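Novice: For reference, the chains in residue letters:
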Amino acid sequence: KQEVTQIPAALSVPEGENLVLNCSFTDSAIYNLQWFRQDPGKGLTSLLLIQSSQREQTSGRLNASLDKSSGRSTLYIAASQPGDSATYLCAVLSGGYQKVTFGIGTKLQVIP
Amino acid sequence: DARVTQTPRHKVTEMGQEVTMRCQPILGHNTVFWYRQTMMQGLELLAYFRNRAPLDDSGMPKDRFSAEMPDATLATLKIQPSEPRDSAVYFCASGPETGEETQYFGPGTRLLVL
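Those sequence lines, one after another, are chains A and B. Each residue of the first sequence is one higher than the one before, counting from 1 in my numbering. Each residue of the second sequence is one higher than the one before, counting from 1 in my numbering.
None of these hints come from the bench; they were simulated from the model.
Ranges between beta-carbon positions, derived for each pair: (1) Asn18(A) / Glu18(B): 44 to 52 Å; (2) Val20(A) / Met39(B): 22 to 30 Å; (3) Leu27(B) / Arg61(A): 30 to 38 Å; (4) Arg3(B) / Asn22(A): 26 to 34 Å; (5) Asn22(A) / Leu114(B): 33 to 41 Å; (6) Gly83(A) / Leu112(B): 24 to 32 Å; (7) Arg3(B) / Ser59(A): 17 to 25 Å.
Subject to a maximum C-alpha distance of 25 Å in a straight line, what follows is the list of computed SDA-like cross-link-like pairs (lysine to any residue): (8) Lys1(A) / Gln37(B); (9) Lys1(A) / Asp57(B); (10) Lys1(A) / Pro61(B); (11) Lys1(A) / Val89(B); (12) Lys107(A) / Gly42(B); (13) Lys99(A) / Pro70(B); (14) Lys99(A) / Thr73(B); (15) Lys62(B) / Pro81(B); (16) Lys99(A) / Arg64(B); (17) Lys42(A) / Arg22(B); (18) Lys1(A) / Phe65(B); (19) Lys1(A) / Ala53(B); (20) Lys1(A) / Pro54(B); (21) Lys68(A) / Gly42(B); (22) Lys42(A) / Arg110(B); (23) Lys42(A) / Pro8(B); (24) Lys99(A) / Tyr104(B); (25) Lys11(B) / Val89(B); (26) Lys107(A) / Leu46(B); (27) Lys1(A) / Ser58(B); (28) Lys42(A) / Ala2(B); (29) Lys107(A) / Met39(B); (30) Lys107(A) / Pro8(A); (31) Lys42(A) / Asp86(B); (32) Lys99(A) / Met69(B); (33) Lys99(A) / His29(B); (34) Lys11(B) / Asp39(A); (35) Lys107(A) / Glu15(A); (36) Lys99(A) / Arg52(B); (37) Lys99(A) / Pro54(B).
To list a few chain B residues with every Cβ distance to chain A over 10 Å, as calculated: (38) Thr7; (39) Lys11; (40) Thr13.
Note that this is a predicted model, so its numbers are computed, not measured. Don't be surprised by glycine CBs; every beta carbon is placed ideally from N, CA and C.
Given these sequences and hints, build the entire structure.
Specialist: Structure follows, in structure tokens:
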């Protein structure tokens, strides 16, 4: 059974800092890994999707890396802004029925 | 701007009542997912449909939950009878046929069972 862990559970940083969010998964036989953002009381918005054959994906100030062999992914946010405050969730697609398993999330607060 | 829609957005009901949640996936998407989110468990997959056929509903309590897709534009999740422990936010998401691409989430139904 796939298990996804995210560390830290919560993070508070001053505006402008670069930061790293971590995600680990137990079964390395994955199809892809996604990072989502969730604002309070809202649904999830996909930020980056990394296919199993890829090592990283970039979008603006966001960079996500994937190391399948070690079962790890990191989300790097450069020059953080107060608008980045949200919960970030990692999700892996794996298994015969391509089941998506989510981590519990990292709650990020960027202080102006 | 194509979006997944869910109704109702909020539902308060009493224990024992039937609850029906509806989802309209993005037109052309062939995969539909139902998730439940709680503070303690995070986001859990309840059911997964591809081309309206259920592929995986192992995450769903079978005795009280049921999920269906009467047609390609409507997915339903029913709870009967509802219990206080069912209180959560229920999300629907849809995606392209392969299931290996990004999912698009609806705004969720916030359910409170008293």
